[in-house]
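Heads up, the final residue of the sequence shown is numbered 465 in our numbering, and it's a clean run with no missing numbers.
Derived from the structure by calculation, the hints contain no laboratory data.
Each residue gets a CB set at the ideal place from its N, CA and C atoms; glycine is no exception.
Take the hints with a grain of salt, since some may be wrong.
To be verified - Straight-line alpha carbon distances no greater than 25 Å define the calculated SDA-like cross-link-like pairs of lysine to any residue that follow: (1) Lys-62 with Val-139; (2) Lys-62 with Ser-271; (3) Lys-260 with Glu-247; (4) Lys-285 with Ser-271; (5) Lys-373 with His-336; (6) Lys-373 with Ala-335; (7) Lys-384 with Arg-316; (8) Lys-260 with Ser-271; (9) Lys-62 with Arg-390; (10) Lys-62 with Glu-151.
Unchecked claim - Derived DEER-like restraints, expressed as beta-carbon distance ranges: (11) Cys-128 with His-336: 33 to 41 Å; (12) Gly-299 with Ala-342: 19 to 27 Å; (13) Asn-326 with Ile-363: 29 to 37 Å; (14) Ala-220 with Thr-150: 20 to 28 Å; (15) Gly-357 with Ser-388: 21 to 29 Å; (16) Asp-224 with Gly-357: 29 to 37 Å; (17) Asp-216 with Ala-246: 17 to 25 Å; (18) Arg-405 with Pro-358: 31 to 39 Å; (19) Ala-366 with Gly-334: 47 to 55 Å; (20) Ser-388 with Asp-68: 41 to 49 Å; (21) Asp-282 with Asp-225: 40 to 48 Å; (22) Arg-245 with Thr-150: 36 to 44 Å.
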Amino acid sequence: MSARVSPTDKIRAELDALFTADRDLVEVLEDVARLGARLIIQAAVEAEVTEYLGRARYQRAEPVDDARAGSRNGYCPTTVKTTTGPVTVARPKLRGTTERFASRLFGAGVTRTNALESLVIAGFVRGLSVRDVEATLGDALGAEAALSKSTVSRVCQAIKTDFDVWAARRLDDVEADYLYLDGSCFKMHPGARAEPVLAAWGIDTGGKPVVCGLAPGGSESTDAWADFLDDLKGRGLRPPLLIISDGAGGLINAAETGFAHSLRQRCIIHRARNVLAKVPAGAHDEIRSAYWAICDTAGLDTEPGPDLVRIVQARIDAFAKQYQPTYPAAVKCLPSDRDQLTAYLRFPVEHHRRIRHSNFIERTFGGDPSPGQSHRPAARRGQLPFPGLGGARPRLPRLARVHHDRRRHPAAA
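Whole structure, please, built from the sequences with the hints as guidance.
Printed below as a string of structure tokens:
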């Protein structure tokens, strides 16, 4: 990369590369948060030098009022200790100055980047304000760090465009067979109450994970989700084969209206939590085991499609009948949810364990592990989260393929 490319622009290029990598949402956003925190620190370092000299990079001093003598003279790498490990930033070197320049940003302690990383994700969602960056940088760098309003303003300006471009990017080339939708509460501003963040993540025809959108919801109402989905469609996202979500009423209403020809999978992990919440703690192990046995199709020779759906739906009915006398509130919802709990069974069997729940998005925002799941590490770097989705498109079962044709040609439905 050219020496004339600034360190902040190099980090921006790394951020762009993250969103085109074949990795799952959890990994991508974790790295976006870390790299974005580094970008904010780097932008602050460069903004501090700009303020000191009174002019921008490659701008001559003569036409600038109140410019100091001196010029930039390359960079030296500086390691900053952070809560997520050492981070290297490029500290500008100066020459020809009448007085020695000393950065006032870094103290001797560890730079606390947790809040910065949260700010990065919030920035993608809501945008950045001078007040947010000032407060969060101050918390990260420590009380001894001197941050002027102009330095913070330059940081905001340096990053805002990147966020705006990302949020408005076109999705015409994305053909998502599977689309995950979920909402998680997230602190947008330091000290503020948590607000819903609406997230959409897809798996495209070639098996590549795609972060489609993040947006503030204000609430998780039907209107909020409808606006979010309208934005995705307005940017060119086509209807998916299958939508995977929890049972939030607003989300379901918006998804069924906005993508009327897509199948919908109710997250079986969220439903398991709902069932267990209505069962005494002493019976959790029994009910949990019985619930997950419903979904275990490993010993069956039945191909994905309507026959497999009927088998699992019969298990749901048997489960509800068995526990109805003892735990009626726990099983009341299951029979009416049968179609949505079993939609994934119409798709390739190697995808089942990953398309029957929406916990990828939830884990990204710090959700708890689900019933039947352990604290699993994230997928290894370079590893797709969907076994069997890394190469050519798998053959879809006939029923799913018919539905695929209908969603692209609704008149045929």
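For this session: Starting from the hint list further up, note which numbers the structure goes against and sort them upward.
Result: Failing hints, ascending: 2, 3, 8, 9, 10, 11, 13, 14, 18, 19, 21, 22.
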